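Enquirer: Based on these hints, arrange chains D and A with the ligands on the given structure of chain P.
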Amino acid sequence: MTPRHRSLVWSATRHLLLLCGAVFILLPFVWMISTASKPQTEIFTKSIHFIPQTFALWDNFATAFGKASLWRFLVNGVVVTASIFVLQVLIALPAAYALAKLRFAGREVLFALVLFCILIPPQATAIPVFLLFHQLGILDSYAALIVPFTISAFGIFLMRQFFKTVPDDLIEAARMDGISEFGIVWRVMLPTAIPALTAFGIFSVVAHWNDYFWPLIVLNSEHLRTPPLGVASFRNEEAGTNYGPLMAAAIVIIAPLVVAFLLAQRRFIEGITLTGIK
Amino acid sequence: MAKIELNGIRKTFDQTAILKGIDLAIEDGEFIALIGPSGCGKSTLLRIIAGLEPQSSGEVRIDGVQVDGIRPSARNLAMVFQSYALYPHLSVFDNIAVPLRMRRHSALARMPLIGRLHPERGRTERGIREDVERVAAQLELAALLKRKPGQLSGGQRQRVAVGRAIVRQPLGFLFDEPLSNLDAKLRVHMRAELAQLHRQLKATFVYVTHDQAEAMTMSSRIAVMIEGNVVQIGTPAEVYENPRDIRVAEFVGSPKINAMPGVIREDRGLEVLGRQLRLGTAAAAGRCTVCVRPERMEIGPGPGTIAGIVTHLEHLGAEAFIHVKVDRIDLPLLARVSPDQQLPEIGSAIHLGFSDNAVRAFDAAGKRIDVAVPARSERVREKALG
Amino acid sequence: MVAPAFILMFLLLLGPLLGVIALSFTDYQLGSPSFSWIGLSNYQDMFGDRVFWLSLRNTLTYVAIVVPAAVALGLAVALLIESGGSLRTWYRTIYFLPVMATLIAMSIVWEFMLHPQFGLINGLLHGIGLEGFSWLQDRRTALYALCVIGIWQALGFNMVLFLAGLVSIPRQLYDAAEIDGAHSAWARFRLVTWPMLGPTTVFVVVITGIRSFQVFDTVHVLTKGGPSKSSEVLIHTMYIESFEFFRSGYGAALTVVFLAFVLLLTLVKSALANRGVHYA
Ligand SMILES: Nc1ncnc2c1ncn2[C@@H]1O[C@H](COP(=O)(O)OP(=O)(O)O)[C@@H](O)[C@H]1O
Ligand SMILES: [Mg+2]
Chain P
1 MTPRHRSLVW SATRHLLLLC GAVFILLPFV WMISTASKPQ TEIFTKSIHF IPQTFALWDN
61 FATAFGKASL WRFLVNGVVV TASIFVLQVL IALPAAYALA KLRFAGREVL FALVLFCILI
121 PPQATAIPVF LLFHQLGILD SYAALIVPFT ISAFGIFLMR QFFKTVPDDL IEAARMDGIS
181 EFGIVWRVML PTAIPALTAF GIFSVVAHWN DYFWPLIVLN SEHLRTPPLG VASFRNEEAG
241 TNYGPLMAAA IVIIAPLVVA FLLAQRRFIE GITLTGIK
Chain D
1 MAKIELNGIR KTFDQTAILK GIDLAIEDGE FIALIGPSGC GKSTLLRIIA GLEPQSSGEV
61 RIDGVQVDGI RPSARNLAMV FQSYALYPHL SVFDNIAVPL RMRRHSALAR MPLIGRLHPE
121 RGRTERGIRE DVERVAAQLE LAALLKRKPG QLSGGQRQRV AVGRAIVRQP LGFLFDEPLS
181 NLDAKLRVHM RAELAQLHRQ LKATFVYVTH DQAEAMTMSS RIAVMIEGNV VQIGTPAEVY
241 ENPRDIRVAE FVGSPKINAM PGVIREDRGL EVLGRQLRLG TAAAAGRCTV CVRPERMEIG
301 PGPGTIAGIV THLEHLGAEA FIHVKVDRID LPLLARVSPD QQLPEIGSAI HLGFSDNAVR
361 AFDAAGKRID VAVPARSERV REKALG
Chain A
1 MVAPAFILMF LLLLGPLLGV IALSFTDYQL GSPSFSWIGL SNYQDMFGDR VFWLSLRNTL
61 TYVAIVVPAA VALGLAVALL IESGGSLRTW YRTIYFLPVM ATLIAMSIVW EFMLHPQFGL
121 INGLLHGIGL EGFSWLQDRR TALYALCVIG IWQALGFNMV LFLAGLVSIP RQLYDAAEID
181 GAHSAWARFR LVTWPMLGPT TVFVVVITGI RSFQVFDTVH VLTKGGPSKS SEVLIHTMYI
241 ESFEFFRSGY GAALTVVFLA FVLLLTLVKS ALANRGVHYA
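From first to last, the protein sequence lines stand for chains P, D and A. Under this note's numbering, the residue at position 123 of the first sequence is numbered 123, and the numbers go up by one with no gaps. Under this note's numbering, the residue at position 116 of the second sequence is numbered 116, and the numbers go up by one with no gaps. Under this note's numbering, the residue at position 23 of the third sequence is numbered 23, and the numbers go up by one with no gaps.
Hints are computed from structural coordinates only; laboratory data are not their basis. Since we're looking at a predicted model, the values are computed, not measured. Some hints here could point you the wrong way.
What the hints assert, rightly or not - Only pairs whose alpha carbons sit at most 20 Å apart, straight line, appear in this in silico EDC-like list of lysine to aspartate or glutamate:
(1) A:Lys224 / P:Glu238
(2) P:Lys46 / A:Glu131
(3) A:Lys224 / P:Glu237
For reference, chain P alone in the conformation it holds in the complex (with noise of 0.2 Å):
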């Protein structure tokens, strides 16, 4: 075989290779796109068909629509997840500057401490936080749902290595035109951490979009269930009837962070693998 001939084969076994790989990933989605279009009736047989004879896709999107709240969970996604991540901001972002870039005693064991606390899984604590917002009297609410959220270690911990790059003139040049230490972290830093942020904000809010085990604990009331509650409680209600409409409403519920990643890509890349130094 000639090289050129080797190069050919090789090139179209890595393409047969990833092909089959691809439609493995691919399978779930094209499934429940041609469900989400075909009627009832063709649902419910035994012959595979991935194209619908009926499109009936905007039927079921209808009926998914009018059975399950799916505004109202989508509006509740972009409260919960959007509060989370301003409140995270608002909070790490001046303790990150100060790990960075003061100097203060203690300084070495805060560090030591968020460090340590990027290591708790949140399942660890979720027993003695629904106590606590038991007593508080706060369950079933948005509060319950975003409070405890607002601290990200990994958060202080990501803007804090950050903000170590940043040059000290920065900083000392800002404090000779007179900046107060917390006009320098919003005025100085968070623009210079904008990449940052934006790889962090794509991390939180993927997470807590997705998040299913905290809404699930806290929450009883219909109107503050968050997307994947709400798709799940639909199809709690539905199973075993009503796929088509099932699958729309699994459409709508991924379609924002799927079509934001398609658009975005490579910073969606960036900001999920930033759970990788987690």
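Expert: Frame of chain P; chains D and A with the ligands shown alone:
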């Protein structure tokens, strides 16, 4: 030992021509330096010789055999990389042993775990140990064999990289800026060591660098590459004294050669900065550039000298440079003088001159043009002397 | 400046962490007016409970299947993508999609795909003349079906980490390997890729391990640990005990076991990282 011939080598990356037809014959056992500014395609050419990169057209011959499609390791050339490319997880010993293990052990014997059971393995491994230790002794690495590359200094890493290259006794060596990551002092030291190594091994050395001092001091011949072409090949002295192209003249030599705008008149006379020189040329009339090396500049008033103002002095101990600003040229002219003589004051007026044979002239396209004192004035001079 | 952050950290992370350990030594039940210290009795109950052992065994099985598969497949996909020039971004995007898609929503899709009568999987099996299973309703298959979903979801994430690791390997090392006589792709993989990926691999294994220990969403939606506890896993047991039966003390003891495993993995990681996996 190997003779390496390059015929019409071209290389394009994404429609950009990087190498534009390189012809080069490298003699057996020769130390040739490829020099040129960064980005001119030196590394690419070296990688084509090594077989790491296929050429777009042209052929590479090693000892008369065309090597297209022959794997890099089968070409029997060793390469030393700019970043050394040592395997960071392997000890110095194992780094040097890699090429031997790859060659001498069968694929089976190299398998993890099972390989250890292979009957031939023990004997081969003993042979490898001897060879590695011999090379380590030669390069004064014996005490470092157990260390990882991360624990070595730059110079030591450099030596390990050389060790890995020489251990399998290849026909030729390819060096890609091997000293550019070392500090200045160590670089001078390693320069001597590599030259010494070449005398010992008598193998063909192809040495790529953008540092002309390295090339001048180590090699027997220099090939100057500029923008994908080999512009001139010759001994260091030839290239320095007789550049065929203004880019060669400007690249070789430090500090840079003085370049002054000139004109070739209709009567074939040569003018520089508005002054008429005694020199004439056969080249067509038009603009030209007159170049003179700093050490050929002469200080002191006289007929036809150039007036200027001293803007800066550099006293280097063994020599000194005077920077002289002259009308109509942006860059100052440089003159090298012996430091024992009285240096002029900064800001003072000064006259610069040069003798006829110091002039290297180039036409508007940058090609060298021959200049000579015309026969008539020659006779006039003979008469005057006679 | 650090005050708000550290007050919250104590209230919401460190305090609860200590709280959960303390709780595990009490008989506290949500709503009961008082509690008492009962020493190790929760742990005794736990170790005497068949469900706990089943749950632990299932969790370990899940980890033992998902980690090697998701790591090996992630590496394989990353190597395949990196080995050629064409369609790289496409493949990367496709394989990364499951990481982005809300797992709960996709679990519901998987549930329908695994539907005994109308599911795609059984339909396909039927097409090639095989008898399908009631995947999620059969105690022989439920846990493995969950494993497949776990692998499907984790693969892309690992792939991206490996891709980042691959990109950071200096190209000159491959050139050197080629010159040194590493002819086959396998020889180059052994000499350069695998050792250079060492730190990444340790990292990916530990991350995948920790995430697999946390498996909950798919279990809760698809099987509720059934049938007959065949897919019961640690966090799910913890959830049921703490938030359905409100046996907070007992749930805390389960949490402590879970924490011990996560801590163990973290220790393995830092031990390996310190034992000099070689950054250049
Ligand atoms: N693999 C490649 N793909 C595209 N362009 C390349 C590649 N390798 C080198 N080049 C380009 O070729 C030119 C010459 O590169 P190189 O041979 O490394 O120069 P030198 O070693 O003389 O500094 C550069 O402009 C570089 O950008
Ligand atoms: Mg180069």
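Enquirer: It remains to establish, for every hint, whether it holds in the given structure.
Expert: Here is how each hint holds up against the structure:
Proximity of A:Lys224 to P:Glu238 is assessed by CA-CA distance (about 17 Å); at most 20 Å being required, the pair is judged to hold. A distance of roughly 13 Å separates the Cα atoms of P:Lys46 and A:Glu131; the hinted pair therefore holds under the 20 Å criterion. A threshold of 20 Å between alpha carbons decides the hint, and for A:Lys224 with P:Glu237 the separation of about 16 Å falls inside it, so the pair holds.
Checked against the numbered hints above, the structure violates none of them.
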